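Protein chains in written order, with this note's numbering: chain A, 1 to 195; chain B, 1 to 246; chain C, 1 to 448.
Derived from the structure by calculation, the hints contain no laboratory data.
Please note: incorrect hints may appear among the correct ones.
Claimed, not checked - No more than 20 Å apart at the CA atoms, straight line, and that leaves these computed lysine to aspartate or glutamate pairs for EDC-like: (1) B/Lys84 - C/Glu236; (2) B/Lys244 - B/Glu95; (3) B/Lys28 - B/Glu118; (4) A/Lys48 - A/Asp142; (5) B/Lys115 - B/Asp32; (6) C/Lys443 - B/Glu118; (7) C/Lys295 - C/Asp222; (8) A/Lys6 - C/Glu17; (9) C/Lys32 - A/Asp30; (10) C/Lys31 - A/Glu176; (11) A/Lys140 - A/Asp32; (12) B/Lys233 - C/Glu236; (13) C/Lys270 - A/Glu120; (14) C/Lys32 - A/Asp32; (15) A/Lys48 - A/Glu65; (16) C/Lys25 - A/Glu65; (17) C/Lys24 - B/Glu118; (18) B/Lys2 - B/Glu27; (19) C/Lys149 - C/Glu17.
To be verified - Label-pair restraints from in silico Cβ distances: (20) C/Arg11 - B/Pro150: 32 to 40 Å; (21) C/Gly118 - A/Asn98: 29 to 37 Å; (22) B/Pro150 - A/Thr43: 51 to 59 Å.
From a predicted model like this one, the values you see are computed outputs, not experimental measurements.
Even for Gly, the Cβ is constructed at its ideal location relative to N, Cα and C.
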Amino acid sequence: MSSRDKILATVGQNQPAYSQLPDISFLKGDNDNTVAKFIDTLTTIGGKVILSETIADIRFLLLEELKNHTRKVTTVPLLGDIMEMVNKRLHDPHTMENIDYAIIEADLAVAENGAVWVTEDKLFTRVLPFITQHLAVIVKADNVVPTMHEAYEKIGNSTYGFGTFIAGPSKTADIEQSLVLGAHGARSLTVFLLS
Amino acid sequence: MKVGLFIPCYVDQFYPGSAIATLQLLEKLGVDVSYPPDQTCCGQPMANSGFEHLTGSCNRLFIKNFSGFDYIVCPSGSCVLHIKHHLHSEANEAEAAAMRGKVYELVEFLTDILKVEELNVEFPYKVGLHQSCHGQRGLYLSQMTELVAPAFSKPRQLLNMVKNLEIMPLDRPDECCGFGGTFCVAEEAVSVKMGQDRVADHLNNGVDYITSADLSCLMHMEGILHRRGSKVKVIHIAEILNGKRN
Amino acid sequence: MAEVFNKDENRVDWHDETLWFIRKKRDLAVKKIDNWEELRETASQIKNNVLSNLSNYLQEFEAKASANGVIVHWAADAVEHNQIVLNLLKQQGITQMVKSKSMLTEECHLNEHLEANGINVIDSDLGERIVQLAKEMPSHIVLPCIHKKKEEIGELFHEHLGTPAGNADPQFLTETARQHLRDVFLTRRAALTGVNFAIAETGEFVVCTNEGNADMGAHLADIHIASMGIEKIIPERKHLSVFLRLLTRSATGQPITTYSSHFSKPRQGKEMHIILVDNGRSIQLGREDFRNSLKCIRCGACMNTCPVYRRSGGHSYHYAISGPIGAILAPNLDMEKYADLPFASTLCGSCSNVCPVKIDIHDQLYKWRQVIVQKGYAPTAKKVSMQAMANVLGSSWKYHAAGKAARTVMHLAPFAVNNKFNPWYKHRDMPEVPEKSFGEWYKINRNK
């Protein structure tokens, strides 16, 4: 008998009488001031929010910012003229090691925790938002939802090889509870909120 | 209504004043209360130590002593909680079940059954209210800080009826004092540390008295207060509500 | 249990204050969620459903994950888990691995097994790296080195990573760890992570970190191994909304971890493996009184609130998982070895009320005590004194006689109890002896 068979047999024998799954559709956020809440929350957890109207605005702001960084990349075609475009067919993520600044797009953001949701198809390479020293994310203000309940509703049953919620810069408080921003992931996170 | 007075074993032996106050308070409120003299102990010290299987004789004695009452009232949250959860009878489980529903801790009896609205007593002192864990989290005598739920407090409700009594705020309003039954000697170091921290919280907030609905907690804290030569005293809530003045 | 820890009272106070601070952060965060209690109840019911349908969910997960290209392994116990990991590495000629936080691997003592077989393992979570350098077990499931002061960490880094002596600045030390681990991430071909949640419906699994270390390891490695206890399954993807809202608020008071990474398929040309580990869980599942402990999502809230844990430290529980949840999980694995844990509690109930999935922890502590005593693991002295107590308290005349005798001794010969043989007396005075018991007073003053 394989371990699989043994485990499943014991589990099947020992599990309690069936207990109904609860309906969770009653769990909802409220739609008041969603964008304001998102900005407030993300700022509190160490992220930065910049309100912009168009990608052109962002490009304008970036021109200044990019002077501070050596290798800067993007996954956004409209920014491909001022920065290096990430190669969609990149096979070796190790070559991303020296990226200082990366700007990507997110499909949705969550007000209650300041997180943005990005999937592999938008990242081109999974390690990108973690390996870069500084991360920027473009998300439409219309795509900010109140809570994780609405977020998963939006995500639905879409398929992705990898997806992640990113809430602010990487951090740790492991040394005597002193909060330090910039652990192993990005040192900073800026969200460009497109109105 | 006939009320049977249930006095915890260690209260009977070491804190009879609190038992007397409980009796007198109920009598003043017009309750027909009597004390079955053959009662001993609810069995909690054994049960909490893993020896619930030895509490049969305590259970039998309890049922024998307290059958025939409409309510059983006791000035101890932990003893009441134990009876409510663990009173059983091999001979007559239905009677045990009925009895479990009739046992009340003193504070909840006053607020929920007698619905006391005023007391003509005074206690002009600064008082720290110790929420005993069994009373609070077990019997819901007051809301606990862990939950996101509306605040309420039955002991506070009663203490607010006492003239010139000032309830002092605490830094940790509902942390355990560390008595915990046989824990108090089995894990003596941690038990004492917890008690010392509780006492320090009250002292830092300037209390004259520490009160509670549970004398086990008070006995533990009193032991610590006396050892450090403190002037702060412990007093069971029954004595305050009964009009004790010093 | 905590005698050693308690010898340095300042340190105890520091440990207690630090963890109480985290409990307060949790309170602040959860009180912002109006329907927090409904959320807990919902999570509890979802987990009840999981336990009642675990066999089906495990098979569903396996099918979906396999269809996604993830290779699923089953390990009956810790030994088998460790062997599977070792074999996967040896097959690819790998001798170095980077690992992110997984309490399951602590439970299995994976690192020791791998090191003994020529595999170098580096723990990438900062707290875990610190205890690894100190050659200690983590003392808390979420905050592995909460028991360590920054000066001690500075010394460790000075000794092992070459930082200047005496430097205890958290910013500087974290930056050092970042540089040191970055090199590790970039050079390791194998990465092992834990699993916070695994979704039966889709075959994906979620790993939550603040540091980004799980991702840095997994997305750069050729082989990603994920170790998971079989109870970590949840039914549907949308249920993550409930658990991700509860987890980090309960753990640290943050609304969510920085990263909540959902792994579905391996990267192109690379391998992703998941090991489903039993190690006693299926047995616990059969214990009616204790199966609810398997609902645990490893948030650590019970530890932060426990007044005993805060003053004893995680190491005093001598098991990978400490605190209240450890005390109800461990006896299932070895009742004799862990017989002391359920007794290291006052049954205050705070743990059960912060638990995001409503495990009845303090009730289980009480029930384990009964089981442990019935199985014969109580010390003989205790058995004898309890029998004597039951004897006396079960009889009215014996009780009254004993009570009177005790009071008489205390009154006439206080030194008989006020001495070093009386553990109560070490730091507390005994109660004063009244002239009469209440029973005696009542007889005189009320009985006509």
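Hint by hint, here is what the structure shows:
1. B/Lys84 - C/Glu236: 39 Å, violated
2. B/Lys244 - B/Glu95: 37 Å, violated
3. B/Lys28 - B/Glu118: 12 Å, holds
4. A/Lys48 - A/Asp142: It holds: about 18 Å lies between the C-alpha atoms, which stays within 20 Å.
5. B/Lys115 - B/Asp32: Holds - the C-alpha atoms of B/Asp32 and B/Lys115 are around 16 Å apart, at most 20 Å.
6. C/Lys443 - B/Glu118: This hinted pair is violated, its Cα atoms lying about 31 Å apart.
7. C/Lys295 - C/Asp222: At roughly 33 Å apart (the allowed maximum being 20 Å), C/Asp222 and C/Lys295 break the hint.
8. A/Lys6 - C/Glu17: Distance ~46 Å between A/Lys6 and C/Glu17 Cα, so the pair is violated.
9. C/Lys32 - A/Asp30: 13 Å, holds
10. C/Lys31 - A/Glu176: Judged against 20 Å, a Cα distance of about 25 Å means the pair is violated.
11. A/Lys140 - A/Asp32: Measuring from Cα to Cα gives roughly 17 Å; hence the hint holds.
12. B/Lys233 - C/Glu236: 57 Å, violated
13. C/Lys270 - A/Glu120: 15 Å, holds
14. C/Lys32 - A/Asp32: Holds, at roughly 15 Å.
15. A/Lys48 - A/Glu65: Between A/Lys48 and A/Glu65 the Cα gap is close to 14 Å, so the pair holds against 20 Å.
16. C/Lys25 - A/Glu65: 35 Å, violated
17. C/Lys24 - B/Glu118: Roughly 36 Å separates the two Cα atoms, so the pair is violated.
18. B/Lys2 - B/Glu27: 11 Å, holds
19. C/Lys149 - C/Glu17: 13 Å, holds
20. C/Arg11 - B/Pro150: 32 to 40 Å: At roughly 38 Å between Cβ atoms, B/Pro150 and C/Arg11 fall inside 32 to 40 Å, so the hint holds.
21. C/Gly118 - A/Asn98: 29 to 37 Å: For A/Asn98 against C/Gly118, whose Cβ atoms are near 32 Å apart, the range 29 to 37 Å holds.
22. B/Pro150 - A/Thr43: 51 to 59 Å: 31 Å, violated
Checked against the numbered hints given earlier, this structure breaks hints 1, 2, 6, 7, 8, 10, 12, 16, 17 and 22; the rest are met.
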